[in-house]
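Chains A and B, in that order, give the protein sequences.
Start counting the first sequence at 1; every next residue gets the next number (our numbering).
Start counting the second sequence at 1001; every next residue gets the next number (our numbering).
Quick caveat, the hints were computed from the structure, so don't treat them as lab data.
Note that beta-carbon positions come from the ideal geometry of N, C-alpha and C, so glycine has one too.
Wrong hints could be hidden among the right ones.
[To be verified] Not close to chain A: a few residues of chain B, all C-beta gaps over 12 Å, as computed:
id: 1; residue: Pro1112
id: 2; residue: Phe1159
id: 3; residue: Cys1245
[What the hints assert, rightly or not] Have a look at the derived ranges for each label pair, beta carbon to beta carbon:
id: 4; chain 1: A; residue 1: Leu47; chain 2: B; residue 2: Thr1166; range: 47 to 57 Å
id: 5; chain 1: A; residue 1: Ala86; chain 2: B; residue 2: Arg1157; range: 53 to 63 Å
id: 6; chain 1: B; residue 1: Leu1084; chain 2: A; residue 2: Ile7; range: 22 to 32 Å
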Amino acid sequence: MSRLRGILERCAVPVVLVLGWWLLARNSTSVYFPPLGNILTSLREWLSSGFVGDVVPSLRNLLLGYVIAVVVGVLLGVLLGRVRAAEYSVAPILHFFRSIPPAALLPLFILAMGPTTAMRVSVIAFGSVWPTLLATIDGVRGVDPVTLDVTRIYRTSRLRRLFKVLIPAASPLILAGMKTSLAFSIILVVVSEMMASTEGIGFFISSSQQYFNLPALWAGTIVMGVIGYVLSEIFFVSERRLVRWKGDNDDSADR
Amino acid sequence: MTRTATSPLFYRVITLAVVLAAWEVVGRRHLLFGDALPPASKAVASLLDLLREQSFWRSVGQTVLQWAGGLIGSALVAIPVGLLIGSGRLRFALTRSTIDFLRTIPPVMLLPLFVLIWGTGASMVILLAIYAAVWPMLIQTISGLRAVDSLTLETARVFKIGPWRTFWKVLLPAVSPFVFSGLRVSAVISLFIAVVCELVAGSHGVGQLLTAAQLAGDAPGIYALIFVTGFLGLLINAGVSRVECRVLAWHPSQEKGVTS
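Next comes chain B alone, as it looks inside the complex:
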């Protein structure tokens, strides 16, 4: 493919400027959606106001706490259970249909039930996030174990490497790239669920601020808060990729030039 002479950055800055300018004009003239599309400058001003409020940072902290609780909790469940299920043919065959069914239940459906049973506090949000985020990691851990080269295992057996050492030195390294590809999805899901709980059930967090802004008809505030959730999503993605790079530095998939 021919290389473009102009750098991507150039295009990006220009596009961003054009989009913001168009947003500003449309917003000022009330061309679209009336009051629901305020000019960009108002949304930015509202964001700057938010950043100065302490209660806003407490809400962000709460959302991050619930996200982290969901992700860590689901990893603690998914990885051991996945290793257990993936290491035996019968165990895999027996649980497969159940996992397939439970995984496809939209987790949001369980929210009203969870609210009645556990209330709207952080523990309910974390439990629902765990339920939702556990599946990608569980399934990846299982398929990672099942994809371990049988020749490698036989080699380990021939060299009389004990089961414990085989687990740490052969199985775990072979499974970890799979676990991470599940973890990346789980991290996103956990944030989605935390925000949904805050929006619908009114659990403390950024989503609750969004509902409040909607009820108050504060359109600039809604844009500012949506921006905050998007930014959290970006940060989470970048953070998980970074951890993955560190942990899997030895793996060929992390070599530069191979992936892209």
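With the rest of the complex left out, here is chain A:
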């Protein structure tokens, strides 16, 4: 019963909101707030015509850029977190790059590489690497030195130590950094398509705006909202799995 109650509590407000929107905008003549039905019609038109062609490039760029950012961020972060001198010397530069609003880099990348796919992937990777990088440095520096001494005594190989000790021990912080990086990546996918592209959801939305096609604009916004929600749910579920395992480990090890 309590499960049913939980489901009811979760769904009540969204259902009321959607119904309220539908009812309130049913006879709406406002250009800006078209009836929900019109939005759904234009969503259906989009789904049957250019939807795949718009969504696939966006998701591909997002995935490529994000994966590059995470891999580079974690590897470089482990390196900088382990080598004191390296971290000392580049810390101010890293913090400076982290403070730059990621979208501000776009004009530079557009100028350097033109409005290409490679440019968009690069700007996504470069703009969203910093949170993961800095979090990994912090995480690796916080690894219990005794644990590391133990791996040294057992002559654990470097590679094993990296993947079995350092990265797992730092994983809660790394995951927190990766979450911020994901948000940056999503922003950059959209903004890069709005500023310099002829494909993708960002382009679909900005061209709907230029043609004053508000139902299409709303449809695009809703689709991107759903994509953002699904991505963060996927992230949330995988994070809980990873950290649950980490939590068990901690319980048996030092608590």
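Chain A is fixed; fit chain B onto it per the hints.
Chain B in isolation, oriented as in the chain A frame:
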């Protein structure tokens, strides 16, 4: 861990010098990206030129205004609403899924819609910044309230401390560290959104200057302006930390030696 004898400052100065020198050489020889990577000296010269222009300072002022409007507006929405939602189990359970959904919509997506409805002026930028910056503070305020020790509340009840006094003396101090950790994220987001609006929608501000520099192919100017946005970001971070230190001076997390 063994302490290094050389101070961090030494490493930092050396690295910075090496990076700048490498940038200068690569830029002069056009080794990378052609005209898009001018020598460091040109970028610095362009920055110095900018600093002398009045219109540049007006743009900086506008960006700061939009950032501050977004941050203050989102705090005014997030803290009361968060306190309201966090103080009741049912209210929390009912709103949770909606907050989770709205929070994950990339705020940038709403920009074209906002532009059509409200134009490209400062009020549109501030509204979008509020929408984007409200979530971290809202969520932190809610989880702060839910983390308040029930024993503390019961103690307050046993000592017959009125609800008003309990709110000011028990709940608010317990929640404030959470609010600040949300505020730090919100401050950054508000700046990001202000810059995006200026870049994409052409709202007045530093981002608009960046777009203009890109269209003019003025690479040194782009570097100078990116530097300005990064510097604004650093200033904002430092400013928020300072305010946090002052306000939360009593809290154990602010004690020296505990945090780092």
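Verification of the supplied hints:
1. Pro1112: For Pro1112 (chain B), whose nearest Cβ neighbour in chain A is about 4 Å away, the distance does not exceed 12 Å, so it is violated.
2. Phe1159: holds, 34 Å
3. Cys1245: Nearest chain A Cβ is 18 Å from Cys1245 (chain B), so the label holds.
4. A:Leu47 <-> B:Thr1166: 47 to 57 Å: holds, 53 Å
5. A:Ala86 <-> B:Arg1157: 53 to 63 Å: Because 55 Å falls inside the window, the suggested range holds.
6. B:Leu1084 <-> A:Ile7: 22 to 32 Å: holds, 24 Å
The structure does not agree with numbered hint 1 stated previously, though it agrees with all others.
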